[in-house]
Every structure is written in C-alpha cells, then in structure tokens.
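Engineer: Throw the hints in and build the complete structure from the sequences for me.
Read top to bottom, the protein sequences are chains Y and F. This note's numbering applies: residue 31 is where the first sequence begins, and numbers increase by one. This note's numbering applies: residue 31 is where the second sequence begins, and numbers increase by one.
Read the hints as simulated data drawn from the structure, not as lab findings. Be careful, since some hints might not be right.
Because identical chains share one entry, a pair is satisfied inside a single copy or across any pair of copies.
Calculated pairs, DSSO-like style, for lysine-lysine (alpha carbon to alpha carbon, straight line, at most 30 Å) [as the list claims (entries may be wrong)]:
1. K433 x K578
2. K297 x K414
3. K172 x K182
4. K416 x K304
5. K578 x K548
Number of protein chains: 2
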Amino acid sequence: MEHFVDVLIIGAGPAGLMCATALASAGVSVKIVDKRPTRVLTGQADGIQPRTTEVLQSYGLAERLIREAALVHVGVFYNPNEKGEIECTGRQADAPQSSRYPFKISLNQGSIEVIFLDAMKSHGLTVDRSMAPTAITFDEAKLSDPSAHAVKVTLEHLATSDSPGRRDEVHAKFVVGADGAHSWVRKNLGITMDGDQTEHLWSAIDLVPDTNFPDIRNRTNIHSVNGSLMVIPRENDMVRLYVQLSDRDVINPATGRVERDRMTPEKLIHVAQKSLYPYTLKTTQEVDWWTVYLIGQRVASKFSTHERIFIAGDACHTHSPKAGQGMNASINDSHNLAWKLVHVLRGWAGLSLLKSYELERRKFAQELIEFDKKHSTLFSAKPKTKTFQNGVSHEDIVKSAEKFAGFASGIGIQYQESVLVNAKHQSCAQNLIVGQRMLPQVFIRAADYGPYDIHDYLVADARFKVLVFVGDVNESAQLVKIQALAEVLHKPTSFLNKYLQDGQEIESMFGVITITAKSQGLVDMLSLPAVLRPHWSKVLVDDIGMTKSQGGHAYERFGIDEKELTLVIVRPDGYVGTIAPASHVEDVNDYFASFMVVSS
Amino acid sequence: MEHFVDVLIIGAGPAGLMCATALASAGVSVKIVDKRPTRVLTGQADGIQPRTTEVLQSYGLAERLIREAALVHVGVFYNPNEKGEIECTGRQADAPQSSRYPFKISLNQGSIEVIFLDAMKSHGLTVDRSMAPTAITFDEAKLSDPSAHAVKVTLEHLATSDSPGRRDEVHAKFVVGADGAHSWVRKNLGITMDGDQTEHLWSAIDLVPDTNFPDIRNRTNIHSVNGSLMVIPRENDMVRLYVQLSDRDVINPATGRVERDRMTPEKLIHVAQKSLYPYTLKTTQEVDWWTVYLIGQRVASKFSTHERIFIAGDACHTHSPKAGQGMNASINDSHNLAWKLVHVLRGWAGLSLLKSYELERRKFAQELIEFDKKHSTLFSAKPKTKTFQNGVSHEDIVKSAEKFAGFASGIGIQYQESVLVNAKHQSCAQNLIVGQRMLPQVFIRAADYGPYDIHDYLVADARFKVLVFVGDVNESAQLVKIQALAEVLHKPTSFLNKYLQDGQEIESMFGVITITAKSQGLVDMLSLPAVLRPHWSKVLVDDIGMTKSQGGHAYERFGIDEKELTLVIVRPDGYVGTIAPASHVEDVNDYFASFMVVSS
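Structural biologist: In structure tokens:
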C-alpha cells in the first residue's frame, strides 16, 4: 500500500498527539502511527504546568483537562526535626499567581491522550496502531521543493495488528519522529544523545492512600533521614509517590541493569512509609501503576535532518520525572513545530523557517537538563540536620524553587533572538518581553462589554496576531495618527497585504486586534478605520468590566505609551515575535520578509 | 407494543428535555416522545437567565452553554430626543453582579436542545419522535401505590414516522406533559388556563445586522416615536429583534387571527429601521428565522392530576417573550419536579411530596404573569416626550428593572413555607433566606487549598446537602461541641440514619459538607468526627485562597455565628430547605419526617 500525506507522525504519545491535533485542526493531511496496540491506560507522565495549560487552552482543550484532573495549588516542604521525625517547614503557592491558571495539573497520561484523540477525531484523524517504521529515505533532488513528497517511510504492520507483516509505504512532505526516549527515528538518522552518561534510578507508584499525613493532597517534598519522597495529588482520589531507592534495591550489580522483579509495590510502599515517619501510610485498594527505571539527562545533538524529518518530545531529551516537565516539554516541542510546518505547507513561508524549531527547542532542552540536574540533586541529597551540617536545608530548596519558578511553570520560557524574535523596539512595550509568551490580560470588548483575556484571542490557528495599541480613539489628535497608520497598513507593500493572493482576505493570514485605552465615555468603534476592526469583536478596551473585578491598566502594565501607537506581533504559538511603533511599520515588514514568501 | 417505564415525558422542548436529563442522570427509566419529526433548528426561545445557568451548571451543562452562546453583559436604553431621534439615556449591568454568572445568555433553542440531547445520550436516552398521545387513563385502584404503573398512555406513530398509524401503549408510574402552550395533556385532563383572555401580538426576527447603531451587540430597549424595538445579541454574529407591530399589520379583522402572509421579513426590518432612526439597519444575509404570533398571559388552574400526571413549561404558563423568561420557567419547572419524582421512585419519600410541585411552581407562574404584564406594558407604551407627557419615561423603565431584578434573573425566586421550606430558625443564618437558592460563595478546600464555589458541591444528584458550619475546629471548646453534634447525628433516629436501609451509606442519600471558620494555622481536618468528613474533599474553610482574590468572610456574609454550630439543609434543587442550630437537630429530624418515609 502506498500513501501520500503532508506529514507523517511516528509515535502517538503526548508529543505526537499534540502535533497531530495542531496539524489536523489547520487542515493539514496527517498520518499518525504508533507501534503500541493501544493508548497508554495508566500511570506514566502526569504533570501539566501552567504554560502548557495555556497552550492547551489555545487549542480549546483546557476546559476538559481542568475538569478531569487534580489541581495542585500548594507546594509543601517537610524536613526532619531533632527526633528524626518529619515536620512541615514551609508551604507556598505551587504556581505563579500571575498565571492565568495559577495551579499545576495532574492527570494520568492516558486521560490526556484521550483529550487529544477526541480532538483529532473531530477533524477526522485517528491513530494507526501496531505499526512501526522499518526504513526511512529521502530524495535529495526534491529537498528544496517544499511541496514535494521528499521522504519515504516504510511501515510494518506488527504482530498485534490485523495484517501482521504487511508493509506500507508512506510518501510524506515532512516526518515527525515522536517515538520516545528510544526513538527509532533518531537512531536511524544517526542523531546522538549528548550529556552525562550516568543513569539515575527512579521509582513511582500511583495509589489511593489511607494515611494520617495531613498534606497528602498537596504536592509535598519530604526530606527525611530515611530518604526522600515526593507526593503528587492525582485524580480519582489517587496520589503519586516518587520514592527514593538506592541502587542495591533494584539493580543487578553483575549487569548494572534494573531488574524490576527485585522490587514490588509492597516494598515501595514500605520505603515510603519509612520516609513519612511518624505518619502512617497504607492502601486498601489495588495499586494502579508503579515503575522503577533508570534514566540519563541528555539532549539530542540535532532535532532535524534537512528540515524534512524532525524529532520531538522524549526523542530529543531525557531527564528525571521529578520536576513534572516531561510531558510539558513534549507538548511544547510540537506546539512550536506545528505552526511552522503549516506556514511552509501553505506556501506562506520558506523551508528555512523550520530551522528555528531546533534553534528554539534545543536551547530550551539544554536549559531543562540544567534545571533538572539541580532540582534532582537537591531532591536526592541528604537533609541538613544537627549531625549532618552539609545536607540540604529547607532554605536551599525554597531558594532553588524561587529561582526556577518561571522556567518550571513555563511562563518564563524565553526564545532567543532569531528571524522570529526581534527585540529592536523592546522599549515601546518594555514589559512584554520579546521571545516570551504574551502576558495574559483581561480587556473589555468594545461592542458588548464582555471581559475577555487576550489569550482567548490568541487561539492556535496558525495565524500571526497583530495587536494594535491605538490609545484613546475619542481624542481627535490620536485619531489622526490612527488614520495615518491605517494608510501605511493599506499599502500593497505592507506585511498585511504583501503575502496575500488575489482575493484573499487579510483575516485568512493575520488576526488584527485593536486595543484602545480607556476613554471618557463610550469608545467609538466606528471611528476606527476598517483595517483595524475586521469584525465587531476585534476591538478591545483597556478598562475594568461591569463586575469591577477584571481588566484595566494594561497600557501601564505592559509599558506602552497611550499617546503613541504600538504594534505587538504575537506568533501563532503565543510568543511575542516583535514590537514596533507605528512610525516604524517598515521594521514589521522586514520581520515578516525574513521568513515569509510572496506567493507565485 | 407495550412499554413499562417509570416516567413518560410527552414533549421534547426545554421542559421535557430538562426533565428527561435530570431523571436519566438519576438512573430513572424514562421514555420521552415528541410529535415533531426533528428538534427545533432555529429561532424560538433563546434567553437564559443567571439562575438557570446556575441550574444547568448543577447538571454539568453550563460550560458548553457559555462556550456556544452570546453573553449579554449590558442593558442599554434609548429614548426619543426633541428631534424625534433616538438617543442613549442609560446603560447598566444586565444581570446582578452578585450572581455567579453575572450575564444573560443568548443561544437559539435548537442548540440548547442539543446540549440536553447529548447529556441524555450519555445516559442512553433518546427522544422517540413523530409520536403523539391519543388517550390517557389511570387505574384508580393503583393510585396510592407509588411503585404501581398507574397511568396508561396510547401513543400513535404519526405520518412522518417509519410506521405511520402504529399504536403503542405505555404503562408509566408518572407522566409529564411538557407539550407546549397548546398542550394535549392539559386539555385531555380538562385543566383550564386562567387569566386575561386578551391576546397580544409579538414579532421577532433573527438576522446578521449591517448597521451603524453602536449598541447592536447589547441588550437594548428602544422606545421611539415610531414604536418600540428590543435588540438581543445572538450567537454567530446574529441579533434578535423584537419589533412592535400594530394589529392591523398582521391580523385579519374579519377573523381576529394572525395571518402570517400579511408580514414578510423585509417588512419587519422596515419597521425596525423606523424605530432605529437616525441609525440605519439592513442585512446582507438571509434572515435566519422570523415569527409573528398572538399570545395571552395565562396560568393553568392545576399543574397535576392525582400527583401522577404533571404538566410543565409552556403547558402551564403562557406570556410574552420579551422578558426572556419562557425557557427559564420551563427548565425550572422540570428542575423542581425531577428530584421529587426521584425521591418517590426510590421509595425515599411519599407521594404527597409531589404536591409541592404545583404549590411552588404555580405560585411562581402567577408572579411571572404579573411581572410580564408590567414589563410588556412598559415596553409597548408610548415614550414620554415633550408633547406626550403621559408616556413612559426612562426613569419608569429603570425603576421597574431594578424592582424586578431578582425575579427576572431568577436569583431572587422565593418558594413559600411548606413541608420543604421551614424558616423556624432563620435567625441562625439570617442572610441565607429559607426558600431561596443557596448563595454562591467561594470556600477553600481544607485538604488541598483549592478554591471552590459551594455551588460546585450542590450538584443536582437528587440528594439533600447538609452544610454543617462548625466554626473554628482548632479551638478545643468548639471541638467539644462538634463531638456532641456528631453523637446526635450518629443516633439511629437522626435524619442521617433513619431512612437508610441495612448497609446503605449516608452518602448515598445525603451529602454532608463541613464548613469551618478560618483558623490560626492549618485546619486540622483529622480532628473532625468521621460523620463530618465522609471524604477528604468534603471539608471547606471560610478563607481566602492562594490567589488572594477569592473566598473568605462567609460566616459574616451569611449571618452565622462562628461560636455556634449551624446546620443548613439545601434541597436537591439548590434551594435552602431549612436551617437549625446544633442544639435543635430534632427540628431537622422533623423537617425530613414530614415528607420522607422509613423504608419497609
């Protein structure tokens, strides 16, 4: 069987499913395959950080996630006292309170996969299971033509499939290898994993606890004289425990390999009990899932080959599970890649745009490994006590948590300068950091007074959003400047028009959103030039809403001068791409010219 | 064909679908039929008031409703100026800002029906269409046995069905006639409609407007010298216009009947244009829906026969559509009836409980008619101008809106004293009005610091909720009182135990939620007796959350003394049933004894 698709995705874990959902929702023809016969049913990754919740919201998936998950509001710290008992030494918000979702989310990977699978299904896409790649080749002659099916992948139907042994050939324009830490795609392309070769031992167990420990429903870091333990609340009354083991518990010294038989869930609970002393812990129900494994802290040396084959998720980076980052890194890899593929497939951008995927996500992965090393070292270290002054103190842990809060929650992630990140006019909005995600902020819709977060407008629809801060439209001097800007934007050479084909509307490529300052009296929307109000819903006011509890003071918060006109260009993935004053629209033109192509 | 069901519902409009959804979610065997071959597709009723949104939230249906609908935040008033042009005379929040949903919701009836149909489907229930009742009888001998199938209904398959002319017999324990203003069930039972026999003329049109009228996306009341007009925002860029017509426009003077041919959508738009002068209005798209009809303001003389056959929705009350009440009254009729049917069907309560349906909902319907008369008179009256001093002024309209705000939004609806509404100890929580819906209020969950509105706990699961306000559990004096209360509640004669069958858990019949006052330090949940913490999630704290923006001061707001222990009994439909101090648990016992029955 031969198939022709725009994108073939290999692997249907979080990275592959996010990529498939994003591409399918943009109308791209996608095939996604996985060697497993079913989706993940229990356990595995389970932590969703605030930025990832924002990302899922931009695809319309956050509501259900929040409804089904456990929400983690508080991080609690326990350390040993003089009697060797653990006691609470601190308690703090577990996510930045400035986030739109000021909590972490905990839900088993299987349920998260179902949310993606249902979203894909609404676009007519399902996963082809029990299929594995056996060969991948590309046609050098076709590499420079973005519309060519330059990659050929042979897929074998596995023993668990309906037609074992059958082989299909898939001709794809692009391939995404989201096939996990042992990625076949990565190995086949000869991409190495860089980093420390030491492997660290981890164990985790999901159970319904019966305990007198008061913080069993919070994310709790326990440093005890009997080893470390982390508690993560879970849905359905469960908790996950990360239990510190010593190598001798599970590693065969002869082979250096983990032998799962050496451990049992009962033994894991027993170790956890000792760390919790003087509190008790047991479970009256069957253990839902448990694991013991070794993992290294490594990053792939390359994330792509010829901008035709990409790897994403665990295929690119391996690290400890403790900081709850794994699934987040995977989802955000694909979120970063998908819109770029859409731009190239639609003929809006050239192939070189795809280089920015590795540039942005590999640097992130390296930072992630650095963060994970510090975090897991602190976690595994012995606590500071009277007799062991060199141990890790409560203060050490809190200081580290504060330092990495923006990175861990994802809301502080910063992409470096590139064709996509241009900070030349950063001073026009100095608190909207170019390369970081657009800040959430409630505005009031001019037409109907509805309070809406700007993030509600930054949907992941593969379009750049053009936020035009126009000041007070009821002031006639300001209106003169607005008219002048509209004339500049109307020019055929303006970025809004330059890339359109005959008859194509600006809105099909760019989302223009106008944000006015608070006015004396009603904001007169109709005085705005048509280019700045493509739809009645696209004019927002920097004001407080009818409930008096939301919105207002955004110009001040963002550092934008109400007397000037400022353009903020937000990338399709929600990151601020560039900023410019109305007097320098040519810099915005240049920004887009550096990666977009005029359709022929 | 013969069928045996617990409840047969005739009519699948909002009243019938709400009833079916509520009963099916409680596991009741239901059959629901409708004579129409399909659901409503466009137009019809479309306004959802804040209380109805709360009710739908209690069934888990509000999220989707809010996502699909237009939200109406602001009510705007226009009146004629001296030049005969309309101008804005006022602008105010369109729903009580104290409501959990401080906006009205506008969505076509068809989309609302789909939300119900999907909820029913998740419980395995679909509507049998193209079927109409032709006979209804009941077996007098069986009327006193609640478990008997005492009612027999003959249903005919209509010409639009697959088997025209076929007749089925349905034996039901209870029948709900939700078959609209011309209810066959009502007429067949000989129930009369009381009230003014005058019929009033209404017209409505749904369209996508092209206009320079600035308040086209708000709920706008326009009093012009050319007639009145009301604008209601709608989903999909539409608006609904209620257009005042004169009888001669559409009524055949010979017959007194509306002749729809005398009107066209173009004529309706033309009348609306005149009212909007000096603003312009046209539409470039096809009109989605329009109607012209006569309706009287009437209430059925009875809402039930022998507590076996009930009528609900438009079958019970007809009135103007202008105040956006119709669908709300219908949904709330069924919401009131459904849990009572569940209690009787489960053997928890006697048949007499069902008398409270007519008692509560007929009084409401009468109040609705009174409100509608005042509201529609004001709407249709000529505006006050220099030359017509007897007209209705802007102040008259605003005063009326303020007076009826609680009734119109539904959050002020008050059920009178009955077996279900006992205000003997109102003074123990003087701001939680017995007979009104429980006030929304954010509390912090003791176990995990999550902020939750108490309404999130008042799910429509047919169970009474027992809110136990226990004060500060960290004070030992208070803890002594709490222990004493637990002992009283533990007695076999306590309402929590008296109605249980052997081995049945309290939680299957009652939802116990404990609310502590703010403490110095952590609330020690584990010090509470087991009866007051049936699950880790059921202990709430009257405190502000980690975000500092939610919760706190509930004891003060409700008028509850922190040094006392207070029980607040909330009915399964979310209304406060009774209140008692811990020293008078016997009054709570008496409350339940007045309608619940000890299982035999």
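Engineer: Which of the numbered hints are not met once you compare them with the structure shown?
Structural biologist: Failing hints: none at all.
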